[in-house]
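Protein chains in written order, with the numbering used here: chain C, 1 to 132; chain Z, 1 to 132; chain R, 1 to 132.
Hints are not guaranteed to be accurate.
Copies of the same chain are indistinguishable here, so a pair counts whether it falls within one copy or spans any two.
Calculated lysine to any residue pairs in the SDA-like style (CA-CA distance at most 20 Å, straight line) [stated by the list, open to error]:
#	residue 1	residue 2
1	K3	D100
2	K7	G106
3	K26	E132
4	K3	T107
5	K31	N5
6	K3	P54
Because the hints were derived from the structure by calculation, they are not lab data.
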Amino acid sequence: MKKINVKTKTRIEMIDVTSEVSRAVKESGVKSGVCVAYVPHTTAGVTVNEHADPAVAEDILDALSEHFPHRRNWRHTEGNADAHIKSSLIAPSITIPVEDGRLTLGTWQGVFFCEFDGPRSRNLYLQILNAE
Amino acid sequence: MKKINVKTKTRIEMIDVTSEVSRAVKESGVKSGVCVAYVPHTTAGVTVNEHADPAVAEDILDALSEHFPHRRNWRHTEGNADAHIKSSLIAPSITIPVEDGRLTLGTWQGVFFCEFDGPRSRNLYLQILNAE
Amino acid sequence: MKKINVKTKTRIEMIDVTSEVSRAVKESGVKSGVCVAYVPHTTAGVTVNEHADPAVAEDILDALSEHFPHRRNWRHTEGNADAHIKSSLIAPSITIPVEDGRLTLGTWQGVFFCEFDGPRSRNLYLQILNAE
Numbered sequence: 001m002k003k004i005n006v007k008t009k010t011r012i013e014m015i016d017v018t019s020e021v022s023r024a025v026k027e028s029g030v031k032s033g034v035c036v037a038y039v040p041h042t043t044a045g046v047t048v049n050e051h052a053d054p055a056v057a058e059d060i061l062d063a064l065s066e067h068f069p070h071r072r073n074w075r076h077t078e079g080n081a082d083a084h085i086k087s088s089l090i091a092p093s094i095t096i097p098v099e100d101g102r103l104t105l106g107t108w109q110g111v112f113f114c115e116f117d118g119p120r121s122r123n124l125y126l127q128i129l130n131a132e
Numbered sequence: 001m002k003k004i005n006v007k008t009k010t011r012i013e014m015i016d017v018t019s020e021v022s023r024a025v026k027e028s029g030v031k032s033g034v035c036v037a038y039v040p041h042t043t044a045g046v047t048v049n050e051h052a053d054p055a056v057a058e059d060i061l062d063a064l065s066e067h068f069p070h071r072r073n074w075r076h077t078e079g080n081a082d083a084h085i086k087s088s089l090i091a092p093s094i095t096i097p098v099e100d101g102r103l104t105l106g107t108w109q110g111v112f113f114c115e116f117d118g119p120r121s122r123n124l125y126l127q128i129l130n131a132e
Numbered sequence: 001m002k003k004i005n006v007k008t009k010t011r012i013e014m015i016d017v018t019s020e021v022s023r024a025v026k027e028s029g030v031k032s033g034v035c036v037a038y039v040p041h042t043t044a045g046v047t048v049n050e051h052a053d054p055a056v057a058e059d060i061l062d063a064l065s066e067h068f069p070h071r072r073n074w075r076h077t078e079g080n081a082d083a084h085i086k087s088s089l090i091a092p093s094i095t096i097p098v099e100d101g102r103l104t105l106g107t108w109q110g111v112f113f114c115e116f117d118g119p120r121s122r123n124l125y126l127q128i129l130n131a132e
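When you get a sec, could you build the whole thing from the sequences and use the hints?
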C-alpha cells in the first residue's frame, strides 16, 4: 500500500491529486486491476469529478455547505459535525479501474482529496490490486 | 476490463443495467471476487437500489434535483453544475461482491447507471477481480 | 465471502460493526489487500466515520432525515422512499484497504451499518481480496 501526504490550506477544499495517484499506479507495475483510494480521516473524503474548470469543485463544496452548514446547533460539540456528514456523503473511499497500466479516468475526470475540516496534514492511502 | 455502452434518453434518469453487468460477470468466469462498476464521466454516476418499483428511482432523482437544482446561479458556466454535484454524491463507482459466479445482489437490488446531464451516449466500465 | 448478521432496533440508526469486520479480516489471513463491505438491502447502507462520540452518527442521521424526510408525498407508496434515497447517498458498499493483516482505519474511524428502515434482521457481506 502507498501513502500520499496532502497538506490542505483552508477549512474546506478539493485538492487535485490525480498526478500523485497516477504515479503510484505506474510505479505499482499493475497493468490490469483497480486502484482503491482511501481516506483514513473522519472529516475528509475522496471523489472523482471534473478538474478542467475549478468552478466545478467550488460548486460541489458550496452545495454541500448550503445544506450541511458549519456553524449550527449540532449534537457533536467539537464544531465540525458538518465535516463528518460531508465525509460520509462523499465517502472516504473510491475504486477506479486500471487498464494498460493506467487509471481509466474519463477525459474530464480527476481525483480529488476533499478536505472538510482543514487546514491539516492529511493522508491518502492507495491499494492497487491486480485483476489477473 | 469490459465496457458497456448506455444510451440515455432524457436529461436525468436511472437506467437499469443489471442484466448487462450480470452477463459480464458470468462471461468473466470469476466464481468468487468483486465486480467494480465505474463511470468515466463527470456528470453521471452508478448506484444499486430497488428495481422492482420504478417510482423508487424517480423519488431518488426528484430528491436530488430538489436540493441541487439544474438552473441556478452556479459558478460553473456550462449549465450542468448540478449534474457534477449529483455525480459526486451518488459516486462514479460501486463495488459488488461476486459469489458462486454471480453478483450478490439482494432480492430487490438492481444496478443503475445514473444520467444527470443527458441525453448522451455513455460508457460503464466493469473490472472483475478474483478473490483467490 | 463472509456474512455478518445485524439486528437493528429502531427505524433509523448507525450500528458500529468495526469489531465484526476486523475479526473477519483477521480470520481471512489476508495480509495486504482490501475488504469490501456490501449491503444486500435497498433501504440500508454502510459507511466509515467517527465512532468515539455517538453524537456524530446522530448528526449524520438527523441531517439526512432533515433533507430526505420519512413521511412525505413520495411516489413510492410503501412509505420508505426516504430510506431508498438515503441508501444511495450513503451507498451500499465501501472498500477499505487491509495492510499487515488489519483494516487501515484511521484513529477515529469505525465501520457502521446504516439502517434506514428498521427494525429488521439485516446482512452485511464481506469480500476480502489479496493484493498479491
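Consistency of the hints with the structure:
1. K3 x D100: Answer is between: at 14 Å across copies they meet the 20 Å cutoff, but 23 Å inside does not.
2. K7 x G106: between (26 Å within a copy, 17 Å between copies)
3. K26 x E132: Both: 17 Å inside a copy, 16 Å across copies.
4. K3 x T107: So K3 and T107 pass the 20 Å test across copies only (16 Å; inside, 26 Å).
5. K31 x N5: neither (25 Å within a copy, 23 Å between copies)
6. K3 x P54: Answer is neither; intra-copy 25 Å and inter-copy 29 Å both fail.
Of the hints listed earlier, those the structure fails to meet are numbers 5 and 6, in rising order.
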